[in-house]
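Residue numbers (this note's numbering), protein chains in the order written: chain L, 1 to 250; chain S, 1001 to 1251.
Read the hints as simulated data drawn from the structure, not as lab findings. All of these numbers come straight from a predicted model, not from anything done at the bench. Take these hints with a grain of salt, some might be off.
To list a few chain L residues with every Cβ distance to chain S over 12 Å, as calculated [claimed, not checked]: (1) Gln43; (2) Pro53; (3) Arg54; (4) Leu57; (5) Ala67; (6) Ala73; (7) Ile83; (8) Met199; (9) Ala204.
Simulated restraints, written as ranges between beta carbons of each label pair [to be verified]: (10) S:Phe1029 / L:Leu234: 47 to 53 Å; (11) L:Ala80 / S:Gln1100: 23 to 29 Å; (12) S:Arg1050 / L:Arg54: 46 to 52 Å; (13) S:Ser1120 / L:Gly119: 33 to 39 Å; (14) L:Pro89 / S:Ser1148: 40 to 46 Å; (15) L:Ala8 / S:Ala1077: 29 to 35 Å; (16) S:Asp1003 / L:Gly119: 45 to 51 Å.
Short derived list, chain L residues pointing at chain S, Cβ under 10 Å [as the list claims (entries may be wrong)]: (17) Leu20; (18) Met107; (19) Ile108; (20) Leu156; (21) Gly201.
All residues carry an ideal CB built from backbone N, CA and C; glycine is no exception.
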Amino acid sequence: MSRSARMAVRLWPPALAALLVLAAWELAVWWFQLPDFVLPTPQNIVLTALQDPRHVLDDTLTTVAEAMGGYLAGSLLGLALAIVFVVVPWLGRAAMPLYVTINSVPMIAYGPLAIIFLGVGSASKVVLIVVAVSYTVLTNALAGLRQCDAGMISLLRSYGASDVTILTKLRIPAAVPAIFAGLRVAVVHAMILAVVLEMLGANAGLGWSIFRSTQMMDFVQAWVAVGASVVASLVIYSAIDWISRRCAWW
Amino acid sequence: MMDRLARVAAPAATVLVFLLLWQGSVDAFHVSPDKLPAPAAILATIWHGRIAFASAIGTTLAEALIGLAGGTLIGIASGVLLSQVRLLERMFLPYLVASQAVPIIAFGAIIIMWFGNGISSKAIIAVYLSFFPVAVNTLAGISAIEPSEIGLLRSFGAGRLAILFKLQLPATLPAIFTAIRLGASLALVGAIVGEWFGATQGLGVVLLTAMFDYRVPQLWAAIVLTGATGTALYGLVVLLQRRIAWWQAEA
């Protein structure tokens, strides 16, 4: 079977599911004469988004910027800490319990505190995303860095390899799959946190748009913002997934 | 036993030292509790407001528990259904997987608009948040079972139902419980976020009003109690796992 034929065989069932759900949705709205504030039709949601595309786009960009800013900084922080904790084990033993304790509270509970001290702007969101993302990346990277086989380490050492060589030639390459698993989970956390924290208080962004529309009972606008957050997350997740497949081809 | 004690004692000691440092520096530099309350002040705030806090925890915990129970049941049922009907699996599995990459909690706002500000809307949010991981893991667990094991049972004359209840579901329990543990924290977050949309009772409300009134000690108390509630919920699931899936060595 050719590649495209295999693709078609794999794709038709989910496409059929989407079609059935959309049809049932439109049909239900039409049959029960549901007004927009109960359930707007998919068509209506897309049309509303297209009426004022700048509006949705601006909100999406704000949320994505917060999520990605926090994600990048948090990933780098998590990776750096993981390497430090492996090279200097006592530092890891001292710091990890605190990190675990801080993260045993759902990150959203710190939201009000962040808003009091950092304001309703993007800073409060980015800081909490950095904390959450760095924790996820750190724990995954630590697990990856530690899992490598003691036999291989002593083999390299018997050839006279230094700790740095062992780290760069063995431990880090061996940890790459675990690190990318962490990076994939963390990007979802980043988007969720950005949206949820904006619901708590913000002056722009998709979460803020969702919150405001529910307060004004503007159902169609709420659906537009929710839909935009779903689409943006899928795009970002696919991008990270694609990059991780490229980098960890083995 | 000593080994386990040592594993717990060292991190606990680190946290304790950190708390003492925190307490010491707040006392030494006379930091205002509105900037950073000391651990003792946070405990005092909790004790002082214990009745109100207890009722807030009760509300949020009820929402999360009802939601988690509902989401688990629907999730297992859906996972089983998809595992038995190949076409349904091929139709809906991609969406179940995609749901894990998307802030589905955002739909909570729409649930609130539909179902109002009572306990039920938060429970529904917790239902669908915990549903997805449970459904995915149930399906993945059942699919991972060796066909030869199923063949063996079938050769003894076992029907589909017998295979499901004697082999597939028991073998999938560990994966299901992993998902329920994840679902427990999702359910709690869902309940709290749901309470931000105009509820009058619950931990989310306590967090929100403390923010609006700039009451920092109150806020820290709510943060600590939210963490404690989450830990308790998680512990409850682990306990249940030991009861129900007792044959499986606990990690």
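Taking the hints in turn, this is what the structure says about them:
{"no.": "1", "hint": "Gln43", "verdict": "holds (17 Å)"}
{"no.": "2", "hint": "Pro53", "verdict": "holds (20 Å)"}
{"no.": "3", "hint": "Arg54", "verdict": "holds (21 Å)"}
{"no.": "4", "hint": "Leu57", "verdict": "holds (17 Å)"}
{"no.": "5", "hint": "Ala67", "verdict": "violated (10 Å)"}
{"no.": "6", "hint": "Ala73", "verdict": "holds (20 Å)"}
{"no.": "7", "hint": "Ile83", "verdict": "holds (21 Å)"}
{"no.": "8", "hint": "Met199", "verdict": "violated (6 Å)"}
{"no.": "9", "hint": "Ala204", "verdict": "holds (16 Å)"}
{"no.": "10", "hint": "S:Phe1029 / L:Leu234: 47 to 53 Å", "verdict": "holds (48 Å)"}
{"no.": "11", "hint": "L:Ala80 / S:Gln1100: 23 to 29 Å", "verdict": "holds (27 Å)"}
{"no.": "12", "hint": "S:Arg1050 / L:Arg54: 46 to 52 Å", "verdict": "holds (50 Å)"}
{"no.": "13", "hint": "S:Ser1120 / L:Gly119: 33 to 39 Å", "verdict": "holds (34 Å)"}
{"no.": "14", "hint": "L:Pro89 / S:Ser1148: 40 to 46 Å", "verdict": "holds (44 Å)"}
{"no.": "15", "hint": "L:Ala8 / S:Ala1077: 29 to 35 Å", "verdict": "holds (31 Å)"}
{"no.": "16", "hint": "S:Asp1003 / L:Gly119: 45 to 51 Å", "verdict": "holds (48 Å)"}
{"no.": "17", "hint": "Leu20", "verdict": "holds (8 Å)"}
{"no.": "18", "hint": "Met107", "verdict": "holds (9 Å)"}
{"no.": "19", "hint": "Ile108", "verdict": "holds (6 Å)"}
{"no.": "20", "hint": "Leu156", "verdict": "violated (29 Å)"}
{"no.": "21", "hint": "Gly201", "verdict": "holds (7 Å)"}
Checked against the numbered hints given earlier, the structure breaks hints 5, 8 and 20 and satisfies all the rest.
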